[in-house]
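Participant: Residues per chain, in single letters:
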Amino acid sequence: MIGKLAWRNTWFKPLSTVLSIILLMSSVAIITVLILLQKQFEEQFSSNADDIDLVLGAQGSPLQLILSSVYQMDAPTGNIDYTEAKTWMQNPFVKSAIPLAYGDNYLGFKILGTTPDYLAKFGGKVEKGKMFANTFEVVIGSEIADKLQLKVGDTFFGSHGDAKEGEKHEEAAYKVVGIASKTGKVVDNLILSNVKSVWAMHDVHDHEEGEANHEAALNSEEGKEITAVLIKFRNKMGIVLWPRLIAQNTKMQAASPAIEINRLFTLFGIGLEALQYLAYGIMLISGISIFIALFNTLKERKYEFALLRIQGASRFQLLQAIIIESLVLCVIGFVFGTILGRVALLFISKSSDEEFKIAFNPLEFVWDKEGVLLLVTIFVGLLAAIIPAIKAYRLNISKTLSNA
Amino acid sequence: MFAFPDIVCNEGETLLVTGNSGVGKTTLLHLLGGLLRPESGEIVIDNTVINSFSERKLDHFRGQNIGLVLQQSHFIEAFTVLENVALASWLATGKQKMEKAKQLLEHLDLGNHLHKLPSQLSVGQQQRVSIARALINEPKLLLADEPTSSLDDENAFKVADLLEQLAKEFKTALVIVTHDSRLKERFSNQISLS
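In order, the protein sequence lines correspond to chains A and B.
Mapping to the numbering used here: the first sequence position 283 is 283, numbers consecutive.
Mapping to the numbering used here: the second sequence position 24 is 24, numbers consecutive.
Keep in mind that a hint or two might mislead.
Calculated cross-link-like contacts (lysine-lysine; reagent style DSSO-like; alpha-carbon spacing at most 27 Å) [said to hold, decoys possible]: (1) K95/B / K4/A; (2) K13/A / K116/B; (3) K116/B / K102/B.
Partial list, derived from the structure: chain B residues whose beta carbon lies under 8 Å from chain A [as the list claims (entries may be wrong)]: (4) L68; (5) L70; (6) I76; (7) L87; (8) W90.
Under 8 Å between C-beta atoms, here's a sample of chain A residues computed to sit facing chain B [to be verified]: (9) M1; (10) N9; (11) S402.
By construction, these hints were calculated from the structure, which means they are not laboratory data.
Cβ coordinates follow ideal geometry from the N, Cα and C atoms, glycine included.
Using the sequences and the hints given, assemble the complete structure.
Facilitator: Written out as structure tokens, the structure reads:
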């Protein structure tokens with residue numbers, strides 16, 4: 001009954017109730033989005049960088065090298081000489097080295113020249129068809145198969161570079177020979193071929209007149225370039241030694257995904273933190289709004305409280321009524337905020353998926369952090385209710401009624 | 001500081017306490033209702049001395065044994081008429097006596113207004129709702145503080161009749177505090193404070 005009383009009172013003055021709920025909802029939504037984004041972002045970043053100790057690539061920004069070669073999010077830093085890279089790839093320190101060569105794209109999806117190891121690194125398998133073996137054979141990621149409705153046996157022409165509208169290579173078509181299983185990682189949005197396909201495509205392009213040299217040129221690795229090499233070490237000392245070693249002895253650079261991503265996180269960690277403060281600020285304001293709403297109605301409702309006391313309600317029950325009322329607001333605000341935050345994440349996910357091929361899962365619950373958020377929300381509710389509740393508790397019935 | 005003479009009111013009886021403003025009529029009523037505590041003297045209701053009760057016990061006793069009708073009717077604005085009456089039974093006994101509340105309200109000619117909000121009723125109707133609310137727990141003592149002062153003649157007599165009739169019906173001692181001359185003519189058992 002006290003609960004019913006609190007519930008009815010909540011909706012008896014809907015305007016201020018709705019204001020309080022909207023404020024709470026906004027702050028909870030922002031914080032929820034931040035919690036989910038941070039968690040899933042970090043997860044995606046670290047899982048994509050699994051088993052990559054160093055990335056070997058052209059000189060330039062190490063962050064750019066990592067972003068482009070590990071996360072497929074940026075333009076490559078440039079090309080490196082394959083023969084030179086190979087001397088490092090065959091170093092005894094190295095456990096595995098996966099070459100990456102970027103060339104073309106198909107409708108915005110990158111065509112990546114690499115080895116079958118690349119797919120295996122992400123825990124992917126060829127689900128339908130077979131692994132690429134010959135030039136111009138490709139295995140497509142599961143997302144691409146879904147989005148573009150490509151099947152094994154289909155052929156397509158790539159466009160040069162990484163822009164959708166790039167010049168089309170109409171001289172030779174790629175043929176889909178396999179579709180990869182879903183991994184939830186960047187490889188789902190890539191078209192994989194062997195490195196030779198990338199070279200061949202550009203040789204065809206460059207040497208249209210000199211058909212005679214073509215075959216010979218294709219088979220030699222002399223002067224061929226690739227974009228980057230993903231390296232996993234047998235001996236972890238390499239992670240420490242190689243960046244300097246490579247910088248001193250070659251025109252290449254070696255960058256560590258762990259270090260670069262850490263740097264990136266610290267960079268936008270500041271932004272996330274600022275947003276978080278903003279959200280808690282809004283929560284504080286909503287707390288004040290609830291406080292003011294309760295405090296104002298207290299004046300109008302002191303007769304109601306006196307009345308309740310006359311009818312046998314204890315002081316404790318009045319205290320309860322006010323606190324429940326505040327908590328009702330908070331819980332409603334929290335529930336709607338949680339939902340709103342997830343809807344927002346859905347939209348963020350859609351646009352980030354289109355732009356960076358990174359998708360977020362709005363249905364994930366980060367129980368510990370969201371649990372803390374619920375506790376904070378309830379605490380705000382209690383804090384807002386405490387003064388009005390004490391005032392109601394201390395209400396002097398006789399005086400209240402005599403002044404009527 | 002007020003001093004009051006000994007006042008006795010038996011069950012089923014009506015006692016009118018009259019006097020000008022400022023002589024302590026309301027204070028007396030609050031003392032009788034256990035809203036205030038006397039500095040000396042005793043208040044005995046149904047053979048129970050209530051002065052020394054703890055706050056909680058007093059709340060409980062008041063809910064079960066004392067009904068109050070105030071000059072201005074206050075209600076839980078967010079509750080319907082029926083819920084307001086039922087709430088009084090819940091607060092006193094822990095049970096919502098919906099049926100009884102309905103009967104009582106119908107008895108008081110409010111059968112058509114059960115599910116309206118109190119603010120939608122006229123002043124006279126509101127006063128009758130507060131009488132129903134005061135009587136739902138069949139209290140030993142019914143206190144009425146200027147129950148007729150905001151009513152017109154017709155409603156004032158209607159309310160006075162109702163109060164007297166119901167007090168007899170429920171075997172309740174009825175104490176009315178008023179300076180309303182219409183009531184002074186209506187009730188014979190009077191005490192005048194000065």
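Participant: Now look at each hint and say whether the structure bears it out.
Facilitator: How the hints compare with the structure:
1. Taking the CA atoms of K95/B and K4/A, the gap is about 14 Å. The hint holds against a cut of 27 Å.
2. The suggested pairing of K13/A with K116/B holds, with an alpha-carbon distance near 17 Å, which does not exceed 27 Å.
3. Taking the CA atoms of K116/B and K102/B, the gap is near 13 Å; set against the 27 Å cutoff, the hint holds.
4. Below 8 Å, beta-carbon pairs count as interface contacts, and L68/B has one with chain A at about 5 Å; its hint therefore holds.
5. Annotation: L70/B was flagged as interfacial toward chain A, and the flag holds, the nearest CB pair being 6 Å apart, inside 8 Å.
6. Against a cut-off of 8 Å between C-beta atoms, the interface hint on I76/B holds, since the closest Cβ of chain A lies about 6 Å away.
7. Nearest Cβ of chain A to the Cβ of L87/B: about 7 Å, under the 8 Å cut. The hint holds.
8. A least Cβ separation of about 5 Å between W90/B and chain A falls short of the 8 Å threshold, and the interface hint therefore holds.
9. Annotation: M1/A was flagged as interfacial toward chain B, and the flag holds, the nearest CB pair being 5 Å apart, inside 8 Å.
10. Taking 8 Å as the C-beta cut-off, the interface hint given for N9/A holds, the closest approach to chain B being about 5 Å.
11. With 8 Å as the threshold, the beta carbon of S402/A comes within range of chain B, its nearest partner Cβ sitting at about 5 Å, so the hint holds.
In terms of the numbered hints stated before, the structure departs from none.
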